[in-house]
Amino acid sequence: MEYVTVIGLEVHAQLNTNTKIFCGCSTAFGAPPNTHVCPVCLGMPGVLPVLNRKVVAFAVTMGIATRCTINRESRFARKNYFYPDLPKGYQISQYELPICEHGHVDIDTNGEKKRIGITRIHMEEDAGKLSHLAGRPVSHVDLNRTGVPLIEIVSEPDIRSPEEAGAYLRKLRSILRYLGICDGNMEEGSFRCDANVSIMPAGSDTFGTRAELKNLNSFRNVEKALHYEIIRQREVIEDGGAVVQETRLWNPDRGVTTSMRGKEEAHDYRYFPDPDLLPVVVDDAWIQEIEAGLPELPDQKEQRFVGTLGLSAYDAGVLTADRELADYFEACLESYDRPKPVANWIMGPLLGRLNAEGETIAASPVAPADLAALLKLVDDGTISGKIAKTVFDDMAATGKAPGEIVTEKQLVQLSDTSAIEEIIDEVIASHPDEVAAFRGGRKKLLGFFVGQVMKATQGKANPKMVNEILQQKLQ
Amino acid sequence: MKITKEEVLHVAELARLDMDDEAVAKFSEQIGTILAYMDTLNQVDTRGVPPTSHALSLHNAFREDEAAGSLDRDDALANAPEREDGCFVVPRIVEQREAK
Chain A
1 MEYVTVIGLE VHAQLNTNTK IFCGCSTAFG APPNTHVCPV CLGMPGVLPV
51 LNRKVVAFAV TMGIATRCTI NRESRFARKN YFYPDLPKGY QISQYELPIC
101 EHGHVDIDTN GEKKRIGITR IHMEEDAGKL SHLAGRPVSH VDLNRTGVPL
151 IEIVSEPDIR SPEEAGAYLR KLRSILRYLG ICDGNMEEGS FRCDANVSIM
201 PAGSDTFGTR AELKNLNSFR NVEKALHYEI IRQREVIEDG GAVVQETRLW
251 NPDRGVTTSM RGKEEAHDYR YFPDPDLLPV VVDDAWIQEI EAGLPELPDQ
301 KEQRFVGTLG LSAYDAGVLT ADRELADYFE ACLESYDRPK PVANWIMGPL
351 LGRLNAEGET IAASPVAPAD LAALLKLVDD GTISGKIAKT VFDDMAATGK
401 APGEIVTEKQ LVQLSDTSAI EEIIDEVIAS HPDEVAAFRG GRKKLLGFFV
451 GQVMKATQGK ANPKMVNEIL QQKLQ
Chain B
1 MKITKEEVLH VAELARLDMD DEAVAKFSEQ IGTILAYMDT LNQVDTRGVP
51 PTSHALSLHN AFREDEAAGS LDRDDALANA PEREDGCFVV PRIVEQREAK
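Note that the protein sequences, when read in sequence, are chains A and B. One point on numbering: in the numbering used here, the residue at position 261 of the first sequence is 261, and numbering is uninterrupted. One point on numbering: in the numbering used here, the residue at position 28 of the second sequence is 28, and numbering is uninterrupted.
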């Protein structure tokens with residue numbers, strides 16, 4: 001039987017604030033355990049949490065960027081459960097009245113646009129970190145992360161494949177990074193994802209029973225876990241069984257999801273409005289102030305790169321996925337105004353090199369102005385396109401400016417007609433058989449002659465002139 | 001009775017409370033009385049009255065995003081029954097629950 005997959009994602013994004021959501025403790029990553037804690041985030045009796053204004057501003061920023069309705073009034077609620085990473089016995093979150101609702105993002109899979117709905121975005125505090133000690137029946141608790149601000153972004157069940165899930169996550173991460181409100185580091189846990197997944201017979205309009213997948217700590221693992229889970233559910237159903245609503249943990253080493261038993265009781269969170277925290281009211285003036293400060297977002301930038309700069313949709317998509325990459329591209333255009341060659345050089349030699357080294361554009365060994373200068377040397381005929389690749393490798397290795405390398409290594413293109421003619425005459429004279437074959441109709445041999453001339457000039461001959469003169473002389 | 005013995009035991013379980021039969025009977029009665037009082041309140045006509053989540057008519061108590069210092073670690077761990085390597089030590093929880 002044919003099945004349709006239904007996926008909804010819950011993303012937790014850690015916000016880039018200096019301090020925690022309800023107290024003045026630092027949010028810096030990697031401090032010694034339990035040094036960024038105070039009576040508020042430790043859940044001591046009698047303390048009063050006070051909301052960090054920036055957390056509200058950041059949540060609204062994401063809401064606007066994803067076309068959400070911003071609720072003028074929202075509230076915090078207590079989500080009650082016992083676990084050692086949560087010293088108060090409850091997590092302060094939002095329940096009935098989240099700050100943002102009813103938004104969407106557009107994704108691109110296999111060249112097709114699709115709109116994924118966002119149910120809600122709410123603010124909440126993170127929990128602490130537990131380390132389970134091998135071979136001992138105890139765990140260590142570090143509460144530095146307790147109270148670090150998060151937004152939870154809940155999608156509609158609009159996603160129909162693991163690939164769409166990946167595209168949606170990449171889009172959310174891209175937007176968060178453009179906005180500068182979350183660093184989006186999945187491995188370090190500042191961008192986390194849980195997935196609800198179910199399958200139903202094709203043509204049905206009733207969703208199947210869903211499983212919630214956890215521990216999806218990389219983009220690759222999200223897609224792998226979803227692929228596994230879809231096949232598992234299909235096998236359960238085809239064997240005459242029924243999918244159970246449960247939480248399942250992805251095991252990346254074994255490539256399987258396994259049931260986490262005993263969650264039924266824990267799901268009774270008994271939410272109620274937190275009496276310690278006043279309602280949050282966001283007025284029009286505040287929303288307008290945030291809107292005015294929004295940067296150009298990936299979709300807008302992509303449209304501009306295609307519409308105004310004339311890039312292909314593919315090139316624009318690659319260059320705008322990452323804000324720093326888009327900034328690099330635009331910095332090159334400040335001193336060189338041909339977008340297409342710049343895009344080619346960034347997406348070819350530069351990204352090729354960075355990807356091979358596992359680096360991002362932030363670690364580029366070539367400054368945008370130097371890449372622009374290199375392209376100018378090609379355009380004005382100083383060096384050939386082929387030599388430019390060599391110069392680029394030198395620039396990446398040494399950090400030198402292209403002009404300097406060209407002078408030092410005497411790479412200036414040979415564009416003197418008589419000099420080129422002389423070399424061509426020599427090549428023709430020393431390859432009589434090939435000349436005869438060419439004149440006899442084997443026109444493909446032109447490439448051979450070009451190669452010989454290039455070899456004789458260490459690649460420095462102007463290829464256009466070589467081609468023209470060769471054509472004439474071989475007539 | 002407004003609340004069953006099973007419901008009392010469920011709530012006790014959620015709150016990690018051990019209860020014997022005597023306690024269950026006592027709390028069933030007390031909670032039952034509270035719920036009966038809620039029924040009385042429910043008789044009040046509240047049409048047109050917005051739900052109240054706070055007794056104060058205030059909103060937006062904010063702090064700025066400025067560091068205010070943290071506790072000395074020895075103080076933070078002072079109440080811990082057990083500590084090791086700067087951490088609280090707790091019995092291992094078998095269920096690998098991911099933090100939200």
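Calculated from the structure, these hints are not laboratory results. Careful, some of the hints might be misleading.
[As the list claims (entries may be wrong)] List time: in silico SDA-like cross-link candidates among lysine to any residue, alpha-carbon distance up to 25 Å:
| hint | chain 1 | residue 1 | chain 2 | residue 2 |
| --- | --- | --- | --- | --- |
| 1 | A | Lys79 | B | His10 |
| 2 | A | Lys129 | B | His10 |
| 3 | A | Lys79 | B | Phe27 |
| 4 | A | Lys224 | A | Glu291 |
Just so you know, these numbers come straight off a predicted model, no measurement behind them.
Each hint tested on the structure:
{"no.": "1", "hint": "A:Lys79 x B:His10", "result": "holds, 17 Å"}
{"no.": "2", "hint": "A:Lys129 x B:His10", "result": "violated, 28 Å"}
{"no.": "3", "hint": "A:Lys79 x B:Phe27", "result": "holds, 23 Å"}
{"no.": "4", "hint": "A:Lys224 x A:Glu291", "result": "violated, 37 Å"}
Of the numbered hints given earlier, the model fails hints 2, 4; all others are met.
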